[in-house]
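Colleague: Work out the full structure, taking the sequences as your base and the hints as a guide.
Line by line, the protein sequences are chains A and B. Under my numbering, residue 410 is the last one in the first sequence; the count climbs by one each step, no gaps. Under my numbering, residue 352 is the last one in the second sequence; the count climbs by one each step, no gaps.
Only true hints are included.
Residues from chain A that face chain B, not an exhaustive set, calculated with beta carbons under 7 Å:
1. Ser171
2. Arg173
3. Asn183
4. Thr186
5. Gln190
6. Trp194
7. Tyr394
Please keep in mind that the hints were generated in silico from the structure rather than gathered at the bench. Note that this is a predicted model, so its numbers are computed, not measured. Heads up, the beta-carbon is just placed ideally off N, CA and C, and yes, glycines get one too.
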Amino acid sequence: MSDYPPLRLHVPEPSGRPGRPTDFNYLQLCPAGRAEKPPVDVAPVDTRELATQLIRILDEDGCAVGPWATEEAPDLLLQGLRAMLKTRLFDARMLKAQRQKKLSFYMQCLGEEAIAVGQTLALRPDDMHFPTYRQQGILIAREAPLDEMICQLLSNARDPLKGRQLPVMYSYRDLGFFSISGNLGTQYIQAVGWAMASAIKGDTRIAAGWIGDGATAEGDFHAALTFAHVYRAPVILNIVNNQWAISTFQAIAGGEGITLATRGIGYGIAALRVDGNDFLAVLAASRWAAERARRNLGPTLIEWVTYRAGPHSTSDDPSKYRPADDWAHFPLGDPIDRLKAHLIGRGLWSDAQHQALAAELEAEVAAAQKAAEAHGTFASDLAPSAADMFEEVYQDLPPHLRRQRQQLGK
Amino acid sequence: MTVQQETDLPTQAGSRSTLTMIQAIRSAMDVMLERDDNVVVFGEDVGYFGGVFRCTEGLQAKYGASRVFDAPISENGIAGAAVGMGAYGLRPVAEIQFADYVYPAIDQIVSEAARLRYRSVGQFTSPLVFRMPCGGGIYGGQTHSQSPEAMFTQVCGLRTVMPSNPYDAKGLLIASIESDDPVIFLEPKRLYNGPFDGHHDRPVTPWSGHPASAVPDGYYRVELERAAVVRPGKQVTVLTYGTTVWVALAAAAETGIDAEVIDIRSLWPLDLQTLTDSVTKTGRCVVVHEATRTCGYGAELVSLMQEHCFHRLEAPIERVTGWDTPYPHAQEWDYFPGPSRVGAALKRVMEV
Ligand SMILES: Cc1ncc(C[n+]2csc(CCOP(=O)(O)OP(=O)(O)O)c2C)c(N)n1
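Modeller: Structure below.
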């Protein structure tokens, strides 16, 4: 007989489930303006506090407060607001198009628009993002042609990826947007490799790696942090902690009792934990990390605290695993509403202007959709050529693929 | 052995040195580091120390630590960083210390490097080489002897290459580094210091006794997708690569069977024409490799020969391979497909 009680396996659970509200105290929030702003050459270990607190600039009233607050140019903020709103309207419309079976699949970034848009506006056009499928805000902030993006979603005759990729797996080299892979986490270490290459060549460009809370559990996350630290790679390592990985709560990814930003400290990487729904904080933290990277001071890990407001994808039903009204209770709110309130508070914006902008953007997205659909929708007659299927497997078509193409009769 | 490779480059000017396979591989990297600023070499222990097999010795001192450097012990990290560097525009030559340790990198190689050009319609490419010592015959046991080529030949988008001598090793590695497709470059470590015909009880012969050790000092290529007929013959075709090329030559000599031995060199995509021409001529075929049998690369060779040479075949195609077991330690020579097993197969196909 053992003199110890039987061991028990601990399996983390979210506090909220369907019909039972979430207790968001686990987020360990702190008021806007509280977190300190260290110099960009801070030693990674000295960011320990910043990895456990929360960098926030916008307070409850929409005022910018604290050491991270800067006097932002109104134009930039309006550009950000516009890109966020456009992203949201784009998502909403594509969701509807998926329901109408015009496209096979879609993934929104509802509630997370500030992060991708804000960081993009803080970086230079020739910096390279290694995004996941939930950073469409990068493309919209960089003004990718919407109709072309929609052609990718529709897998039609004008799809720039020739119908080879699932919808949302965009690739825009010229816009600094690396080809999206279905395999989670792989791009994180690739971002580090790209940044190492920039350093090897004595370039001044930097890379941004992106990953979700769930995928931080992948081995490539560990490899990325190790390599970024070892070679002091000029990279910003973003973790978008939207609390959910499909149906699994972030505690299952290892977030229980600690913050994901803390991971950076253990690897010797400067780490920040930032309010991901505070557009000003996204800009400020991204600029800080970019400056650090560009001055060859090494990588920065940023945990963006946000909430995945929508379903994981069009194949997902969140009401099966979390409270239906969860987003309404999420303490960091809605990034678009918060920036809007700030701009209105500064006298730079109004409800009427906001409505007009929404109408204008809605019309723009609708027109882009119409233009794209003229080239076909998913599984319509206007499909990418089957013969194209064999191209670009290799640089040149090898004999066996030539034979297979002939066998297909195309 | 006929040094068929000579015909790959008709105008072969310049000086030559007598090199081992290790030195030839090192020379290929040296030449490419010199020629192309975008070539970088990295992996576990490859920097200051020069690699556990000395393949990168002196390269860091010559080109600096930003071109030739040590990596953390993380194969997924090495492969993933290489993909990112390739996307930037570099030409990374990454070393996996043993082919047996490539498995952590498989996701990056299969899901990323091999697919990047396809999925981005050529916006991003993976001009990468993953060098890895492979094969047995060195008492390496389970994790220093494997031949995982079939894990790669079945991946669309990859090129898989394996040299069997110093001349080819350098020329193929240069061609691989220059390829804009990702290349898995498998180096039979049993051949690093000398050819090996499977007679483990005889003294090792160094490369210096073989014509294929006369390696041009400068730049040259052995083109990919080209097999070499290393022993012309009339009675039976042996399709093989790596260490078993030497085993097959020994088996032909010892049985007196006039076998045509083909070193496939580029396993996939491959030089189908040279293979089918030979089997069409001889009407008989034996496939030899060290790797395990079931679903090994040999199965594809058998299938291709059956498909393209069916009416000319006079006997069932034989396969002599490693057994379907993990690579054992003490039983090395019962596992390794040596000349007596290959010879027996040659006799069997001749008897039909
Ligand atoms: C290697 C791998 N495993 C599993 C999946 C299936 N999958 C797709 S998305 C996802 C959840 C990812 O969650 P997270 O990283 O938190 O990102 P989020 O979707 O919340 O943005 C899973 C498990 C995958 N795409 N790749």
